[in-house]
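Visitor: Whenever a hint applies, use it, and build me the whole structure from the sequences.
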Amino acid sequence: MLELLGTIGANIISLPGILGLALGMMTRNLMLGAVIGGVVGVLETLIFAHWSFANIQTIELVIAVVVGFCAGALGSAIRIKGATV
Amino acid sequence: MADSPEKRGWIGRIWNAIWTPAVMFSSGFLVLAGFLAGILFWGGFHWTLELTNTEEFCTSCHTMETNLGEYRETVHYNNHSGVRAICSDCHVPHEWNHKIKAKIMAVKDVYHELAGTISTPEKYEDHRLSMASAVWKKMKASDSRECRNCHNFDYMDFTIQETRAASEHQRAIDNNMTCIDCHQGIAHSLPPGYLEQYQEVTETLASKASGTLQDQVADSSAEIRSFLTKQAD
Chain A
1 MLELLGTIGA NIISLPGILG LALGMMTRNL MLGAVIGGVV GVLETLIFAH
51 WSFANIQTIE LVIAVVVGFC AGALGSAIRI KGATV
Chain Z
86 MADSPEKRGW IGRIWNAIWT PAVMFSSGFL VLAGFLAGIL FWGGFHWTLE
136 LTNTEEFCTS CHTMETNLGE YRETVHYNNH SGVRAICSDC HVPHEWNHKI
186 KAKIMAVKDV YHELAGTIST PEKYEDHRLS MASAVWKKMK ASDSRECRNC
236 HNFDYMDFTI QETRAASEHQ RAIDNNMTCI DCHQGIAHSL PPGYLEQYQE
286 VTETLASKAS GTLQDQVADS SAEIRSFLTK QAD
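Chains A and Z are the protein sequences, given in the same order. The first sequence maps to residues 1 to 85 in our numbering. The second sequence maps to residues 86 to 318 in our numbering.
Calculated from the structure, these hints are not laboratory results. All values reported here derive from a predicted model rather than from experimental measurement. All the pointers check out, no bait thrown in.
Here are the simulated lysine to aspartate or glutamate pairs, DMTMM-like style, with alpha carbons at most 25 Å apart:
no., chain 1, residue 1, chain 2, residue 2
1, Z, LYS223, Z, GLU281
2, Z, LYS193, A, GLU3
3, Z, LYS188, A, GLU3
4, Z, LYS293, Z, ASP259
5, Z, LYS193, Z, GLU207
6, Z, LYS293, A, GLU3
7, Z, LYS188, Z, GLU140
8, Z, LYS222, A, GLU3
9, Z, LYS225, A, GLU3
10, Z, LYS184, A, GLU3
Guide: Okay, here's the thing in structure tokens:
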């Protein structure tokens, strides 16, 4: 349980959370923002696994993608709410 | 119909202020101010995080006194060259994602300090094996990542190592072993029954890994069977 929370927290203040949010803010399309965040999640997992799929644990990849997905969608929602362009 | 600004509570007024376009600040001002605020926030966050990596911080809890005493007797604390490895060098990963995960998981240490789980020498000894086992599991699973921040087989000169060390390191390379496979107790005392416990840790991790491999093999065999069936049809 603690490991799960640690992984989620780490992803929130790592690339999927921060870059996913920033990239999500570049579009008003919620789904596109979420997908971009999810892609960041995949890339981040690969970076920390030194580009080797053998070093990736499924649960870590899933959490990174889900966090990226949520952050990207949130970024798009912020764009919709906070910008007129 | 939305409430008038006067009828809103303070949360509503703050929410409204956040989402109202800023008419009194230029875009350049907002960008620069946001950039500077970001630097201050991130610098402060990182600086605070690094403070939690210091030996003083780690050993400021009463429960860490036993570990500290044991560590002070080892080569990682005191040696001929003066190069040291402090608590965080072995227990906190360097890479950002792994580091944050370790920091969040360290919340349990604060809880156990408050709960007094290992507050007496007797309690400490009762938990020594399980605590050591948790660290071994982490190190074995990460291929002793934290050891390898300083120690690297690629740069070891076996010709100036003791014969036994050189031969054991060569064996480790040949058999794809990791640092913790031999170096348990390098910084803290070993509990009785540690070898059996370490064996259990390695077997558990190996069974997980082979389980994944078996699943992959099973998946492949199903694919092959389906391919052959289609070909036969």
